[in-house]
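Novice: Which chain is which? The protein sequence lines are A and B, in order. This note's numbering puts the first residue of the first sequence at 44, with every later residue one more than the last. This note's numbering puts the first residue of the second sequence at 41, with every later residue one more than the last.
Derived by calculation from the structure, the hints in this document are not laboratory data. Any given hint could turn out to be false.
Stated by the list, open to error - List of simulated lysine-lysine pairs, DSS-like, C-alpha gap at most 30 Å: (1) A:K330 to B:K261; (2) A:K345 to B:K88; (3) B:K270 to A:K133; (4) B:K42 to B:K240; (5) B:K42 to B:K276; (6) B:K270 to A:K337; (7) A:K304 to B:K240; (8) B:K187 to B:K92; (9) B:K60 to B:K261; (10) B:K276 to A:K309; (11) A:K234 to B:K285; (12) B:K88 to B:K242; (13) A:K192 to A:K245; (14) B:K58 to A:K309; (15) B:K60 to B:K149; (16) A:K234 to B:K187; (17) B:K149 to B:K276; (18) A:K192 to A:K179; (19) B:K285 to A:K330; (20) B:K188 to A:K304; (21) A:K304 to B:K242; (22) A:K179 to B:K270; (23) B:K305 to A:K345; (24) A:K179 to B:K285; (25) A:K345 to A:K371.
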Amino acid sequence: MGTEFWVVAEHRGGQLRRPTLEALGAARQVAQAAGGKTAAVVLGKNAGNLAAELGKHGAARVLWVDNDNLDVYSSGGYTHALAELARAQKPDAIVFAASAQTRDLAPRLAARLDTGLLPDCIEMNWDASDGRILAKRFVNSGKALATVKARGTPALLTTRPKAFAIASDTGGTADVVRCDISIDASHCFGKVKQYEQPAAAKVELTEADIIVSGGRGLKGPAEFAILDELAAVLGAAVGASRAAVDAGWREHAAQVGQTGKVVTPKLYIACGISGAIQHLVGMTNSKVIVAINKDADAPLMKLADYAVVADLFLFVPALTAELKRSQK
Amino acid sequence: MKIAVCIKQVPDTSATLKVKPDGSGVDTEGLEFVISPYDEYGLEEALKTKEKMDAGEVVVLGLGPERVTKALRSGLAMGADRAIHLADAAYEGSDALATARALAAALKKAGPFDLIWAGKEAVDDGMSTVGAAIAEFLGIPHVSEVKKAELAADHSSVTCWSEVEGGTAVVEVKLPAVLTAQKGLNEPRYASLKGIMMAKKKELVRFTPADLGLGAEQVGKSGSRTEVLKVEPPPKKQTVTKLIKDLEPEAAAKELLRLLRDEAKVI
């Protein structure tokens, strides 16, 4: 068998998660450079509809492990299935979209296969000189950029959300290969008992195109309502600085920066955030940055593409109203 | 209940870092080092569990050069009972997998432990690998990015809540297990003066690879499965900031929207 690059499809509720298509985009581009093929791995029941979508976006094969024990994610079951599949078919690399599930699964798989894992890559290139993937990833919370390689086969890599373009629609169809792997309940430790969903379906911070974020300048938890309103009009996610999270104004899931999330939306609107280094490292790679602050000398105002010197309690509602008016 | 906490010493998170001109890594000269924040959440949780039960032992483990002793002493000052330092030139250059292999061997030697905590990732290399890899090497379950953990009354299992995209996953695993700590788990305590004094007298043992039965090929660079070829400063965005000021809120809002639509084309 020739060179093959795998993407592990992540799905929930019968839907493919969008970052999987970014991972597929990354894998396809490496496969093309290497003269190899791309395959997607789908674990779980009722995955036939996913195969069609994966094929359309360029997966030549879909390896489907159709097993009752993989219906719900478990670190044990998924590690077992992927390890057995990889040992049997020997892909060059396995690419995942970085996610909570991937961060739970990929390191365990790396240890089992005694191979290298490169998490959260922002660039992947094929190095023909040694037949390995050359990847780039941020270290020290974005304060430095490392060029890295994995030793061992398959190389395991994960793609940072929004760092790679979604695999384009080729109109292709994948060969669906059913893979029979023996898995019993004893393999499936670490099984998710249940997913507790928040009351309102929120836009995931790391996957959002637009983020409206608030800091100490908001002065309190109730004041975040003006950001929620702006975000609703923009279809944006709401983030927060560490100061706002540590003060208990917003839950940790919303924190942007060191000890929070690294985000790269196309538009980041920072409201009342002065811009401590711990915050900057989490959002500095946003495509366009807007900062709103009374203090024109705040560090974030200097980093921003557009800096609005204003009282945010007057400006943000005005912005929301203006957006609503122009959207009518 | 015996609880182990794996800690890593990292540059202070508020430090501005310089990259060495030869691209070999971050310049650590003159940097302050601290316990990686996520590891502190794990340690706090371990200490709380022990206090609640009013029994058991908390052991902190760390791998790295001489300076790591300071991080381990900080852990002892917070309340851990004893410390294990994997200290030897042979460990140098260990990546996440080699580190996990050595820590797993030390946990086996000093254990058995009922519960093992690690941070969900170290804030320096951000590999988020060590915790789950330790569990694999020990052949026990793990749960990642735990923001709340509840031990069963009979201590045979633990139920964990972890943040996932758009919600929370609930996972129950049998003990022994490895859990990795996420922010939100707790608020780590500061060491008291008494704690700092007592820490000086607590046991701190050192293990070389030979002590752990590890061969040269299992540690350091040869035991690693990843390599760093180059470290460089992050690409700097060239920004010319456009200032919007001295306008009434409505006028300023109109102007910003015009720029975002016509110039930046992002909305």
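Novice: Run every hint past the structure and note whether it holds.
Specialist: Taking the hints in turn, this is what the structure says about them:
For the proposed pair K330 of chain A and K261 of chain B, the alpha carbon gap of about 37 Å is over 30 Å, so the pair is violated. Straight-line distance between C-alpha atoms of K345 of chain A and K88 of chain B comes to about 43 Å, which puts the hinted pair past the 30 Å bound. With a CA separation close to 29 Å, the supplied pair K270 of chain B and K133 of chain A stays within the 30 Å bound. At most 30 Å may separate the alpha-carbon atoms for a hinted pair to count; K42 of chain B and K240 of chain B meet this at roughly 22 Å.
In summary, the hint linking K42 of chain B to K276 of chain B is not supported, as the alpha carbons are separated by about 47 Å, beyond the 30 Å threshold. Distance restraint check for K270 of chain B and K337 of chain A: the Cα-Cα separation of roughly 41 Å exceeds the 30 Å cut-off, and the hinted pair is therefore not satisfied. Only pairs whose Cα atoms come within 30 Å are accepted, and K304 of chain A paired with K240 of chain B is rejected, the gap being roughly 37 Å. Taken as a hint, the K187 of chain B and K92 of chain B pair is honoured in the structure, with Cα atoms around 18 Å apart against an allowance of 30 Å.
Our distance criterion of 30 Å between C-alpha atoms is met by K60 of chain B and K261 of chain B, whose separation comes to about 20 Å. Between the alpha carbons of K276 of chain B and K309 of chain A the distance comes to roughly 17 Å, so the proposed pair stays at or under 30 Å and holds. For the hint linking K234 of chain A to K285 of chain B, the alpha-carbon distance of about 54 Å lies beyond 30 Å, and the restraint is violated. Under the criterion of a C-alpha separation no larger than 30 Å, the hint pairing K88 of chain B with K242 of chain B is consistent with the structure, at around 19 Å.
With a C-alpha separation of about 36 Å, the suggested pair K192 of chain A and K245 of chain A falls outside the 30 Å cut-off, and the hint is violated. Among the hinted pairs, K58 of chain B with K309 of chain A is consistent with the structure: their alpha-carbon atoms are about 28 Å apart, no more than 30 Å. The suggested pairing of K60 of chain B with K149 of chain B is violated, with an alpha-carbon distance near 38 Å, which exceeds 30 Å. Taking the CA atoms of K234 of chain A and K187 of chain B, the gap is near 17 Å; set against the 30 Å cutoff, the hint holds.
As the CA atoms of K149 of chain B and K276 of chain B are separated by approximately 47 Å, the hinted pair breaks the 30 Å bound. For the suggested pair K192 of chain A and K179 of chain A, the alpha carbons sit about 9 Å apart, so the restraint of at most 30 Å is met. For the hint linking K285 of chain B to K330 of chain A, the alpha-carbon distance of about 22 Å falls within 30 Å, and the restraint holds. Only pairs whose Cα atoms come within 30 Å are accepted, and K188 of chain B paired with K304 of chain A is accepted, the gap being roughly 19 Å.
For the suggested pair K304 of chain A and K242 of chain B, the alpha carbons sit about 37 Å apart, so the restraint of at most 30 Å is broken. Taking the CA atoms of K179 of chain A and K270 of chain B, the gap is near 9 Å; set against the 30 Å cutoff, the hint holds. For the hint linking K305 of chain B to K345 of chain A, the alpha-carbon distance of about 21 Å falls within 30 Å, and the restraint holds. Between K179 of chain A and K285 of chain B the CA atoms are separated by roughly 39 Å; this puts the pair beyond 30 Å, and the hint is violated.
A distance of roughly 34 Å separates the Cα atoms of K345 of chain A and K371 of chain A; the hinted pair therefore is violated under the 30 Å criterion.
The structure fails to meet hints 1, 2, 5, 6, 7, 11, 13, 15, 17, 21, 24, 25 from the earlier list, while all remaining hints are met.
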